[in-house]
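**Q** Using the sequences and the accompanying hints, generate a full structural model.
Going down the list, the sequences are from chains Z and W.
1 is the number of the first residue of the first sequence in my numbering; add one for each residue after it.
1001 is the number of the first residue of the second sequence in my numbering; add one for each residue after it.
Rather than coming from a laboratory, the hints here were simulated on the basis of the structure.
By construction, the Cβ of each residue, glycine as well, lies at the ideal position given by its N, Cα and C atoms.
Fair warning: there could be bad hints in the mix.
Pulled a few chain Z residues facing chain W out of the computed Cβ check, cut under 7 Å [to be verified]:
no., residue
1, Asp-31
2, Arg-32
3, Ala-35
4, Tyr-76
5, Glu-238
6, Val-241
7, Val-245
8, Gly-246
9, Gly-247
10, Thr-248
11, Phe-251
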Amino acid sequence: MLTPKNTRQGQRARVAPAKGGASHSKTGRADRFKAWLLHHQITAVESLIRLLITPVQSLMTWLVVAIALVLPTSLYVGLENVKHLGSNVENTGQMSVFIHKRARPEAIEKLSKRLLTKSEVARVELMTPAAALDEFRQHSGFGNILDSLDNNPLPTVLLIDPALERADHETLARLQKAILEDPIVEEVSVDLKWVERLNQMMVFAQRLVLALGALLALGVLLVIGNTIRLAIESRRDEILVVKLVGGTNAFVRRPFLYTGIWYGLGGGCLAALILAAGEAWLAGPVSALAELYQSNFELQGLSWDASILMILTASGVGLMGAWLAVGRHLGQIEPK
Amino acid sequence: MTFSPLKRPRLSGPCSTTENNHPMIRFDNVSKRYETGYEALSRVNFDISPGEFVFLTGHSGAGKSTLLKLIMHMEKPSHGQVFVNAQNLNRLKQSQVPHFRRNVGVVFQNHQLLFDRSVFDNVALPLIIAGHQHTELARRVRAALDKVGLLGKEHLNPIMLSGGEQQRVGIARAVVNKPALLLADEPTGNLDPALSAEIMELFHQFNGVGVTVLIATHDLPLVERLQKRVLTLGEGQLIHDGPKGATIANAGMTGEQILADS
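**A** Structure representation (structure tokens):
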């Protein structure tokens, strides 16, 4: 064969004159590339067929890979949903400005107008003590007790709706500080604490997902590596014959690498199916629960992009596992 | 169907001017000692010219297989140098070994066939490895199977064939890549005399078109009948190198004498 390699050997022949001597028939570079490409295709299909011939055994491996993928991915999906929920609440978060009892109505009016000029503020609603008492009486169920009070204990409150696009955590905190500086303001209440806690929990949970994902990816790597090791053992005779008739390491490696890819790809697809089924199963109860809270929140599944990324990652991990196994075990099989 | 590629001399091409100046195989003071301390070969020297037909004989354990393995680069010599087609195998890089082996056809006593695929696929394996196109590949495989008389059985699994037929599949696989050198380790080991003669005739035909043939065997009647050059090993040493089969018995005695002396 006048392979690219043999051509190089031919050039070396100046030192060792007849190395190329045993090369007789010629195969063009383009033909060899086509044959190489074709062998890749054939190997890919053959490796898949090999897996499908033993469906139960292959399904077991696919399931192990899928479960290892579903665990961190479902956690991630849950996290994304909580984040979504959190941002919804944050965006509609109202701010309550409690005014000193002795503040004059003109001062309150002035403050209200000044607040409206701020870009962070979308709407200001004045709630007089009487109106507040009314609302409290209606919603709290303590109407009788309130009636027995001599005077109205509630202060005047300005309810501020922040502008939606400016309603992030920092802006709200800054606005709160600015309003507090006004002398007639006694207190500004904005429920930032739980948003803050939620954010911190998110950071924690995200790291947890990452750590869990990394651990389980390592698990997938080892499972596929071990499965490939068994496949190598069971094809020992074939490997010996291939090496005896001049198969390169790349040639011997190829079917096992494709097997690894198929294990990862199959496991990834199965995981995507399991996640989709899980979402369908949980979507009903979640939206029913959301309705009870007067929310139109809906469970978000794994997006198409994320699903494809997950499947590709699994295939990559499969390839890596196969590569590790092949690297460790193929060198030990040499014709003796 | 003819087996045209084998009809022209093997050793053609740009290096042909030097072909006649170097042996196909040269053993230069080669010793092989295994890790266990067992010395399979000691200080073996011989040359085999391109186009020669040579038998390698000796009692079992004399080092025949080791010698073939050294030529295939399955083992490395502990001492000395092995040249195949002027290539010093000691200097062969690991990455060059596969390409080196593609130019050496090997026939094994136990055939080394793969029973998970057809006769055709077994014979096609060296061509697939070498990266041949499908049409070229099918043509060559059929030509090789035709040569060994198994053209009608290409789609069978080798397990359905007789021992002699399996051996012929092994031979077809060894020659399908048109190697310049053909090695055989006890190719007639399990066959009756008539089948053995058939197999030998095949090797003879390949030799007739220029292939260098080296056959390790202990089938002495066959060796004597063919009147070819014979290398005889005894206790790891080359104790006979000559053309006549008749001297093998004497050579064997020499071997025993050496044993007695040591």
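**Q** A separate judgement is required for each hint: does it hold in the structure or not?
**A** The hints, checked one at a time:
1. Asp-31: holds (6 Å)
2. Arg-32: holds (5 Å)
3. Ala-35: Because about 4 Å separates Ala-35 of chain Z from the closest Cβ in chain W, which is inside the 7 Å limit, the hint holds.
4. Tyr-76: violated (43 Å)
5. Glu-238: For Glu-238 of chain Z, the interface hint holds, since the closest Cβ of chain W sits about 6 Å away, which is under 7 Å.
6. Val-241: Holds - the Cβ of Val-241 of chain Z comes within 7 Å of chain W, reaching about 5 Å at its closest.
7. Val-245: Holds - the Cβ of Val-245 of chain Z comes within 7 Å of chain W, reaching about 4 Å at its closest.
8. Gly-246: Holds. Min distance 4 Å.
9. Gly-247: With a closest approach of 5 Å, the Gly-247 of chain Z hint holds.
10. Thr-248: The hint holds - Thr-248 of chain Z has a Cβ within 7 Å of chain W, the shortest such distance being about 4 Å.
11. Phe-251: With a closest approach of 6 Å, the Phe-251 of chain Z hint holds.
Of the numbered hints stated above, the single one contradicted by the structure is hint 4.
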